[in-house]
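Protein chains in written order, with my numbering: chain A, 27 to 331; chain B, 27 to 331; chain C, 10 to 275; chain D, 10 to 275.
Note that these hints are calculated values from the structure, not bench results.
Since we're looking at a predicted model, the values are computed, not measured.
Built from N, CA and C at the ideal position, the CB exists for glycine as well.
Some clues are possibly wrong.
What the hints assert, rightly or not - Far from chain B, by Cβ distances over 12 Å, these chain C residues were calculated:
#, residue
1, 19
2, 75
3, 96
4, 111
5, 115
6, 116
7, 118
8, 147
9, 170
10, 180
11, 186
12, 200
13, 249
14, 261
15, 264
Stated by the list, open to error - Rough simulated footprint, nothing fancy, chain D against chain A, three-plus residues with beta-carbon under 8 Å:
#, stretch
16, 48-57
17, 84-93
18, 295-304
Each chain is listed here by its residues.
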Amino acid sequence: MTGPDLKIKIGGWTLKNPIMTASGTFGYGEEFTPYLNLEDLGAVVVKGISLEPRSGNPPPRIVETPCGMLNAIGLENVGLEKFISTKMQIFRKYNTDFVVNILGDSVEEYSTLAARLNDTDIAAIEVNISCPNVKKGGVAFGVDPQMAYEVTQAVRRRTDKPLIIKLSPNVTDITVMAKAAEDGGADAVSLINTLLGMAIDPATRKPKLANIVGGLSGPAIKPVALRMVWQASKRVRIPVIGIGGIRTTEDVIEFMLAGASAVQIGTANLIDPGVSGNIVKGLLGYLKQHKISSVRELIGGLKTP
Amino acid sequence: MTGPDLKIKIGGWTLKNPIMTASGTFGYGEEFTPYLNLEDLGAVVVKGISLEPRSGNPPPRIVETPCGMLNAIGLENVGLEKFISTKMQIFRKYNTDFVVNILGDSVEEYSTLAARLNDTDIAAIEVNISCPNVKKGGVAFGVDPQMAYEVTQAVRRRTDKPLIIKLSPNVTDITVMAKAAEDGGADAVSLINTLLGMAIDPATRKPKLANIVGGLSGPAIKPVALRMVWQASKRVRIPVIGIGGIRTTEDVIEFMLAGASAVQIGTANLIDPGVSGNIVKGLLGYLKQHKISSVRELIGGLKTP
Amino acid sequence: MPTPRDITSIIVENREVNPKIFLLSLNTSDLDIWSEAEPGQFAMLKIADMSCDDPLLRRPLSIHNVRDGKIQFLYKVLGRGTLLLSQAKPGTALRILAPLGNGFSISNSKTHCLVGGGMGIAPLLYFARKMKEQQPSNTIKVLLGARTKNELIAVQDFTEPGLYDVKIATDDGSEGHHGLVTDLLDGINASPGDMTVYCCGPHPMMKAVSNICRKKEWKCQISLEALMACGMGACLGCAVPKKGIGIQEYLHVCSDGPVFKAEEIW
Amino acid sequence: MPTPRDITSIIVENREVNPKIFLLSLNTSDLDIWSEAEPGQFAMLKIADMSCDDPLLRRPLSIHNVRDGKIQFLYKVLGRGTLLLSQAKPGTALRILAPLGNGFSISNSKTHCLVGGGMGIAPLLYFARKMKEQQPSNTIKVLLGARTKNELIAVQDFTEPGLYDVKIATDDGSEGHHGLVTDLLDGINASPGDMTVYCCGPHPMMKAVSNICRKKEWKCQISLEALMACGMGACLGCAVPKKGIGIQEYLHVCSDGPVFKAEEIW
Ligand SMILES: Cc1cc2nc3c(=O)[nH]c(=O)nc-3n(C[C@H](O)[C@H](O)[C@H](O)COP(=O)(O)OP(=O)(O)OC[C@H]3O[C@@H](n4cnc5c(N)ncnc54)[C@H](O)[C@@H]3O)c2cc1C
Ligand SMILES: Cc1cc2nc3c(=O)[nH]c(=O)nc-3n(C[C@H](O)[C@H](O)[C@H](O)COP(=O)(O)OP(=O)(O)OC[C@H]3O[C@@H](n4cnc5c(N)ncnc54)[C@H](O)[C@@H]3O)c2cc1C
Ligand SMILES: Cc1cc2nc3c(=O)[nH]c(=O)nc-3n(C[C@H](O)[C@H](O)[C@H](O)COP(=O)(O)O)c2cc1C
Ligand SMILES: Cc1cc2nc3c(=O)[nH]c(=O)nc-3n(C[C@H](O)[C@H](O)[C@H](O)COP(=O)(O)O)c2cc1C
Ligand code: FES
Ligand code: FES
Numbered sequence: 027m028t029g030p031d032l033k034i035k036i037g038g039w040t041l042k043n044p045i046m047t048a049s050g051t052f053g054y055g056e057e058f059t060p061y062l063n064l065e066d067l068g069a070v071v072v073k074g075i076s077l078e079p080r081s082g083n084p085p086p087r088i089v090e091t092p093c094g095m096l097n098a099i100g101l102e103n104v105g106l107e108k109f110i111s112t113k114m115q116i117f118r119k120y121n122t123d124f125v126v127n128i129l130g131d132s133v134e135e136y137s138t139l140a141a142r143l144n145d146t147d148i149a150a151i152e153v154n155i156s157c158p159n160v161k162k163g164g165v166a167f168g169v170d171p172q173m174a175y176e177v178t179q180a181v182r183r184r185t186d187k188p189l190i191i192k193l194s195p196n197v198t199d200i201t202v203m204a205k206a207a208e209d210g211g212a213d214a215v216s217l218i219n220t221l222l223g224m225a226i227d228p229a230t231r232k233p234k235l236a237n238i239v240g241g242l243s244g245p246a247i248k249p250v251a252l253r254m255v256w257q258a259s260k261r262v263r264i265p266v267i268g269i270g271g272i273r274t275t276e277d278v279i280e281f282m283l284a285g286a287s288a289v290q291i292g293t294a295n296l297i298d299p300g301v302s303g304n305i306v307k308g309l310l311g312y313l314k315q316h317k318i319s320s321v322r323e324l325i326g327g328l329k330t331p
Numbered sequence: 027m028t029g030p031d032l033k034i035k036i037g038g039w040t041l042k043n044p045i046m047t048a049s050g051t052f053g054y055g056e057e058f059t060p061y062l063n064l065e066d067l068g069a070v071v072v073k074g075i076s077l078e079p080r081s082g083n084p085p086p087r088i089v090e091t092p093c094g095m096l097n098a099i100g101l102e103n104v105g106l107e108k109f110i111s112t113k114m115q116i117f118r119k120y121n122t123d124f125v126v127n128i129l130g131d132s133v134e135e136y137s138t139l140a141a142r143l144n145d146t147d148i149a150a151i152e153v154n155i156s157c158p159n160v161k162k163g164g165v166a167f168g169v170d171p172q173m174a175y176e177v178t179q180a181v182r183r184r185t186d187k188p189l190i191i192k193l194s195p196n197v198t199d200i201t202v203m204a205k206a207a208e209d210g211g212a213d214a215v216s217l218i219n220t221l222l223g224m225a226i227d228p229a230t231r232k233p234k235l236a237n238i239v240g241g242l243s244g245p246a247i248k249p250v251a252l253r254m255v256w257q258a259s260k261r262v263r264i265p266v267i268g269i270g271g272i273r274t275t276e277d278v279i280e281f282m283l284a285g286a287s288a289v290q291i292g293t294a295n296l297i298d299p300g301v302s303g304n305i306v307k308g309l310l311g312y313l314k315q316h317k318i319s320s321v322r323e324l325i326g327g328l329k330t331p
Numbered sequence: 010m011p012t013p014r015d016i017t018s019i020i021v022e023n024r025e026v027n028p029k030i031f032l033l034s035l036n037t038s039d040l041d042i043w044s045e046a047e048p049g050q051f052a053m054l055k056i057a058d059m060s061c062d063d064p065l066l067r068r069p070l071s072i073h074n075v076r077d078g079k080i081q082f083l084y085k086v087l088g089r090g091t092l093l094l095s096q097a098k099p100g101t102a103l104r105i106l107a108p109l110g111n112g113f114s115i116s117n118s119k120t121h122c123l124v125g126g127g128m129g130i131a132p133l134l135y136f137a138r139k140m141k142e143q144q145p146s147n148t149i150k151v152l153l154g155a156r157t158k159n160e161l162i163a164v165q166d167f168t169e170p171g172l173y174d175v176k177i178a179t180d181d182g183s184e185g186h187h188g189l190v191t192d193l194l195d196g197i198n199a200s201p202g203d204m205t206v207y208c209c210g211p212h213p214m215m216k217a218v219s220n221i222c223r224k225k226e227w228k229c230q231i232s233l234e235a236l237m238a239c240g241m242g243a244c245l246g247c248a249v250p251k252k253g254i255g256i257q258e259y260l261h262v263c264s265d266g267p268v269f270k271a272e273e274i275w
Numbered sequence: 010m011p012t013p014r015d016i017t018s019i020i021v022e023n024r025e026v027n028p029k030i031f032l033l034s035l036n037t038s039d040l041d042i043w044s045e046a047e048p049g050q051f052a053m054l055k056i057a058d059m060s061c062d063d064p065l066l067r068r069p070l071s072i073h074n075v076r077d078g079k080i081q082f083l084y085k086v087l088g089r090g091t092l093l094l095s096q097a098k099p100g101t102a103l104r105i106l107a108p109l110g111n112g113f114s115i116s117n118s119k120t121h122c123l124v125g126g127g128m129g130i131a132p133l134l135y136f137a138r139k140m141k142e143q144q145p146s147n148t149i150k151v152l153l154g155a156r157t158k159n160e161l162i163a164v165q166d167f168t169e170p171g172l173y174d175v176k177i178a179t180d181d182g183s184e185g186h187h188g189l190v191t192d193l194l195d196g197i198n199a200s201p202g203d204m205t206v207y208c209c210g211p212h213p214m215m216k217a218v219s220n221i222c223r224k225k226e227w228k229c230q231i232s233l234e235a236l237m238a239c240g241m242g243a244c245l246g247c248a249v250p251k252k253g254i255g256i257q258e259y260l261h262v263c264s265d266g267p268v269f270k271a272e273e274i275w
């Protein structure tokens, strides 16, 4: 007897199951090997990589908020070349698909990153467009459909890897952003990145983050994420990857019913490092129990009046 | 010895203290008289009123989410005339400032509401612009600066009451919306209204709200609200009224440090009906303890690098 | 009706009486509230301390009994809120907003029939007791139903000799009549005007009971449930569709109910 | 270094030893982790059950002692997380991720001086014990400081006769030297190379200690704190500025520390 089919396709890429980890919450993967088997996961998305190393923001960089957390890590990373020469070697030890999340200050930087990564054996590229476009006055790529379209198209031209555009939720209409990514040639969109938030210490009268503002993640944002995934998946034909506050198998099912083809687990990894592996098992159990032969049957299965 | 000064000004209106209740979470005020003295509050903002009565959305209308709740009440209300003839009579029993929150489907509806309310003895008008503009294809007034400007201006022309425009957080740039309200002639902006969200029941595969999507409120949204208040208050000269997840005196201080001149307490009233009165006491205690002579000293007092 | 208050009460006992069903007894210095409370009214409880945001909202529970200076609730563990409540030890303080809503009102019929299904039995005990106290000569029939014996609650309180005329039904026949509690109701003969039915239970059961009552021209009161945020008429979250033609209007379970005349709804 | 694990442990004792300071003892079937743990390493504890979102994150606590098959933590109630922990009764299960980070490393000096201030004393006990076990002939000086007597912790464990040379300072003079613990350190004479200082306490105190050490050319290890989300190097949240010129770089308290050589930081 064969078990339920957990496979999911994104462009030409077949994932063994729809459970990925979210960029910036799973290190470079290896940190989690004491708690789960990386090979059980659909994919591992690593911390965002830029062309040059970045040292990130001064501390405090994180603060807990009701059912969530704010982070202002400042995209600290080792830079592309060191990433390829060291971290990528580690990936090779595991029979797991690795996705590299990239970030840049300009369309050119994104293109260069994509071109260079195209020659490596990673499974896919995820583009974090929640970064300021230095040339266009620092407005984030992710809040302007035209800029999102341009960066998608530029990256698309330089890679034939599966291309995922990661959308910012800090926009009036997420469907416009999803469509811009689709029109630019993305194979999938992933959403949501963090909501922009802030916390203040009334005792010191200072912001709790040195950067003043930071990104809100965790269970608190799940309702917003679910809504955006539902809206975006009705608008575009490419797969939608759901992200935001996921920490149980039920959460995954909700996101898939809303229209997600796969999901990414973020903040939950920080609290419960084995959670992503447990969710893969939980999902398999759920499908068996409900006699669902393929996980794909869940996608967009929401019953609306 | 005189105690600390809690008074706050919005336009020509002086509030006895900066603590108001948020529309839709405090009924018409009287429901709360067993738990607090309405006269202790800076102002009571009542449930949104439309020209005609509205029966609201079918149930389920509410659902709890992590540290928050979604509501899709559907703006159920008794309509302007019944409101004036019945509910408003009740206000007169209390020496409290009442603010009426209005909502409409078109600029004309808002104008008519404002004109009619201008002849009553309410303290101020708050305009909920998170409503769809039926004539402009159902896009909410609150997500389009031009529409927000127009509705503000139209209401402004019909009333000399203090005019508060209540902003939706579901926008890319809250400062643009705040500026549109200021340019339209508002005396203050209040923010944030609820974040659009969604919840799904994995067992039934149905949305948990009959309306599918609803508004997220409660502690979960506080970091987003605080950030928007901070951004908006740096952009406009009129007072900003902070709303979102407030449930303690400390929360109020944080919002005021971020730039709010006053605050509104929403979801917390539903959980702890005496909370708004307790916060007034708490604020007074805080000022005394820290030997701050006027609550106005807190406004915008955030220390940033 | 007594004015509701928001008080702190201490758990005296919190005991599993049937699988997943707990009897919660609270002590309070403010017993007035409870002695004035009408049967069918409810309380909003904050399970954990007020500063805890998970779960955020209070939970509604019907007053099950007021006995020996204690208030009792009977509740089933369903989700996180009731799970946490079931784990609370004696001595724990709870915040309670009560009494809320409109309870059952004793009609002037000769015979009264209380029909409870599953957890819907909970509010009926206090009602039966109060009615017996206030109108000792009334005939009180009690019909209790559940899916299975294990889910039948408070039976021994009702079957105390000489109080009520009690009949039981279980879906699986593990106790009493093998079938629905509505079968028992259908079997009763009483002329219109002589009989009032008071019903609390699952939605389909209440609907069936109200259909029987309409057919037999009996008066019928039903106690509804809804998801609630405030329990006090402030949020308008607990809407229930009102019977009527034209534009759909809504009633609010917490402030217009939870007990309604059946004809207001169906 | 042992591989960290994520285990469930049961509270055996959770006792207030000083005002607002609790000694937490846990039982675990997985004692290997603890016997291998290096002094100065820490654990991330989830106070309530994993499904509770308030508070959301685990909290870091240093290993205070491993004794009689139990692991002990000594913690101060500061905010909501530690408050809830302090209310947990024996029998409660905690999720524990441990052992994490890099602990103290015993240098080859002749004399070792452990300097603890306030809650910073907590991790030093296990270190003192391990050092005594592994290098019984070492001279171990222990300098303990606090604002006042009530905040001095674990003193009786250190002052067990024959183990360590203990000196105490309090800011208000309520016990030992009336003044700062750094005064005591300043009073010690030892030539460079003969002495290593291991320090844990408030930031300004550690900075002062490291200044004294630099002046006297003593080696100095410091144990830093930072707000942490994961405790295992995944989130990069626990950054601490690295000493250096040019572009500011950061170290990470959970994975590069919590124990650092003072010269890495200052
Ligand atoms: C007026 C009133 C009186 C009640 N009296 C009792 C009583 O005496 N004993 C008792 O056991 N229960 C009673 N209930 C139901 C009780 O309030 C719910 O079971 C409880 O709120 C569930 O909380 P939870 O956190 O455990 O579950 P949640 O996690 O909130 O939900 C678990 C499941 O229960 C459903 N649910 C949640 N709240 C309600 C609700 N208010 N009504 C119906 N279903 C709900 C949810 O949709 C979900 O499917 C009453 C409800 C009302 C409105
Ligand atoms: C490696 C490490 C080891 C530690 N060992 C111990 C120990 O053995 N005993 C002990 O009592 N405490 C120890 N701490 C500090 C302890 O983690 C915090 O006191 C605790 O997390 C506070 O949680 P809370 O929920 O009670 O407070 P919160 O409500 O989270 O915060 C209350 C106050 O404490 C501050 N705070 C919160 N977390 C930290 C932190 N990680 N470091 C410093 N300040 C913080 C906050 O900024 C705030 O001002 C250690 C911290 C680290 C990083
Ligand atoms: C500490 C931290 C660091 C993050 N770093 C990145 C990053 O480098 N690139 C990126 O695209 N998203 C980053 N994110 C966003 C997450 O990948 C994810 O989109 C977001 O946290 C929402 O999911 P969650 O609620 O499950 O955490 C980060 C999130 C956190 C909490
Ligand atoms: C049940 C409910 C009903 C609401 N109704 C209205 C309304 O009629 N008009 C309005 O402008 N805002 C309404 N709001 C939004 C609140 O006034 C407030 O802006 C929002 O809830 C955020 O604040 P909070 O987190 O303190 O609740 C409603 C909120 C809730 C929870
Ligand atoms: S629960 Fe709020 S009005 Fe009924
Ligand atoms: S706490 Fe996450 S990297 Fe240190």
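How the hints compare with the structure:
1. Against the 12 Å criterion, residue 19/C stays outside the reach of chain B, whose nearest CB is about 19 Å from its own CB.
2. Separation of residue 75/C from chain B is adequate, the least Cβ-Cβ distance of about 20 Å exceeding the 12 Å criterion.
3. At roughly 19 Å, the least C-beta separation between residue 96/C and chain B is larger than 12 Å, which holds for a residue marked as non-interface.
4. Non-interface status of residue 111/C relative to chain B is upheld: no Cβ of that chain comes within 12 Å, the nearest being about 14 Å off.
5. Every CB of chain B lies more than 12 Å from the CB of residue 115/C, the least distance being 26 Å, so the non-interface label holds.
6. With a cut of 12 Å on Cβ distances, residue 116/C stays outside the contact zone with chain B, its closest approach being about 28 Å.
7. Remark: the non-interface label on residue 118/C is consistent with the geometry, its nearest Cβ contact in chain B lying 31 Å away (cut-off 12 Å).
8. Distance to chain B confirms residue 147/C as a non-interface residue, since its nearest Cβ pair spans about 33 Å, more than 12 Å.
9. For residue 170/C, the non-interface assignment is confirmed: its Cβ lies about 41 Å from the closest Cβ of chain B, beyond the 12 Å cut-off.
10. Look at residue 180/C: its CB is around 21 Å from the nearest CB on chain B, clear of 12 Å, so calling it non-interface holds up.
11. For residue 186/C, the condition that its CB be more than 12 Å from all CB atoms of chain B holds, with the nearest at approximately 31 Å.
12. The non-interface label for residue 200/C is consistent with chain B: the shortest C-beta to C-beta separation is roughly 36 Å, beyond 12 Å.
13. With a cut of 12 Å on Cβ distances, residue 249/C falls inside the contact zone with chain B, its closest approach being about 6 Å.
14. Annotated as non-interface, residue 261/C brings its C-beta within 12 Å of a C-beta of chain B; the closest such distance is 9 Å.
15. A Cβ of chain B approaches the Cβ of residue 264/C within 12 Å, the least distance being about 8 Å, so the stated non-interface status is violated.
16. With 5 residues carrying a beta carbon less than 8 Å from a beta carbon of chain D, the stretch 48-57 of chain A meets the three-residue requirement, and the given coverage holds.
17. Using a Cβ-Cβ cut-off of 8 Å, 9 residues of the stretch 84-93 of chain A lie near chain D, which meets the minimum of three, so the contact claim holds.
18. Three residues within the 8 Å Cβ limit are the bar, and the stretch 295-304 of chain A against chain D gives 6, so the coverage statement holds.
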